[in-house]
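Protein chains in written order, with this note's numbering: chain A, 1 to 250; chain B, 1 to 250.
It cannot be assumed that every hint is accurate.
For identical chains, the list gives no copy identity; a pair is met inside one copy or between any two copies.
[To be verified] Listed below are the simulated DMTMM-like cross-link pairs for lysine to aspartate or glutamate, each with C-alpha atoms no more than 20 Å apart in a straight line:
{"#": "1", "residue 1": "K26", "residue 2": "D188"}
{"#": "2", "residue 1": "K155", "residue 2": "E106"}
{"#": "3", "residue 1": "K216", "residue 2": "D177"}
{"#": "4", "residue 1": "K124", "residue 2": "E87"}
It should be emphasised that the hints constitute simulated quantities derived from the structure, not laboratory data.
Protein chains: 2
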Amino acid sequence: MTGMPYIYGKNAVIEALEDCNRNFNKILISENVHNDDKIETIKSLAKSRDIVFQFVKKEKLNQLVPNTQHQGVIAHVSPITYKDLDEFINENRNSYAPIVIADGIEDSHNLGAIIRSSVCAGVKGIIIPSRRGVLINSTVEKTSAGAVNKISVIKLNSLVNAVQKLKENNYWVIASDHHAEDNYYDIDYTGMNFALIMGAEHAGISKSLLKLADFKVKIPMLTNFNSLNVSNAAAIILFESVKQSLNSKK
Amino acid sequence: MTGMPYIYGKNAVIEALEDCNRNFNKILISENVHNDDKIETIKSLAKSRDIVFQFVKKEKLNQLVPNTQHQGVIAHVSPITYKDLDEFINENRNSYAPIVIADGIEDSHNLGAIIRSSVCAGVKGIIIPSRRGVLINSTVEKTSAGAVNKISVIKLNSLVNAVQKLKENNYWVIASDHHAEDNYYDIDYTGMNFALIMGAEHAGISKSLLKLADFKVKIPMLTNFNSLNVSNAAAIILFESVKQSLNSKK
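Produce the complete structure using the sequences and hints provided.
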């Protein structure tokens, strides 16, 4: 099956196996792999879905995905299915469905980590631009620990249109910005759904998006060292929202 | 000069240039590099320190550090100087000097991001084990955006001895642990210095270290997805300490 990407790493493969929308060609497992709980889970999920798995020499895996930590498992699998924004909004109209907008993240590790933290923080959708930054690739899947399968991934040409549509549908739009006056912990994340915009590693958030934000927030620091890694910044803000959400239910 | 490692990336090179303990052999800059503020900073710092810089073909850089985002700048530089724990404690006896203990982090990107967030959060020292996990390498330097030069890096054979010594010197020891009962935001980080232990990506914190902790804290989530990336988890906890510290000064 050509056109199918490889994904690798134990968690990435397990989460893809649990997502019935992903079609597998086959799974390759290293002969030398330590047979732990996760490998057992992979084998039993593969059996239950009638997916072939083969034991192969470690060198074969190294050849397929060079310079990566594949953890002895590679799967040949259909790409994730991107979601339509209108569909997402309709499906989540009456529920808690925060969104993260990744405005042109360039590093696959960063996008993967943002998606992982987003899922842990109860975020339901991630919006990425079609033509800037990385798309969902094997490294993003691996770094997300398979979280790409637990969130709606929405890929759009115009993030400006997306933000406008979200605002029309009662989302608060929050932009993470060094130059903001408000601290991230001074705003209330619990009143209604929010969409958090995180900017690219070097360029930050596009001016056109920044203009549309209802709130701009910064993360105050104790030193004047340049700035935080973007996935760490996203995690800090998202988990403030989690804390507020848990405290408001008490 | 043999034995000198390469470091790469604009921020990593700038921060190393600003640290007079690092000796440079030379700096290589790509002929095609966009001549932005950071490249200007590198050239002027190099001039002021009498360090040679050369313009070379981009292919030469790609050859020296394959498969990396070198951003058009590589420097041939002495390794960072590790610090002695006793010396660190003596120098910081009467000041705010939190520490992060990275208990065998395996991924260079994660260790780099932890160090970057630590510096932003006012952490003064990072302790890593000599024989497990990654040491400070080029990828750590790059991912830290040069923050390795702004913190005392302490490398020790026994983290247990280190924790005991910190406790004798009035540090609160906090362990980040999934199974903890307390939430990370329920403890007070401001009363005295703290040492935060973060566990390795898969193994978590060693049992012997966990036993010594004064507090164990978890990061509550809104879903039951496996867990956070370790650098994101560290950032969430450290920036709770920053928030408390800023609020206590009000």
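| Violations among the numbered hints, reported as their numbers in ascending order | 1
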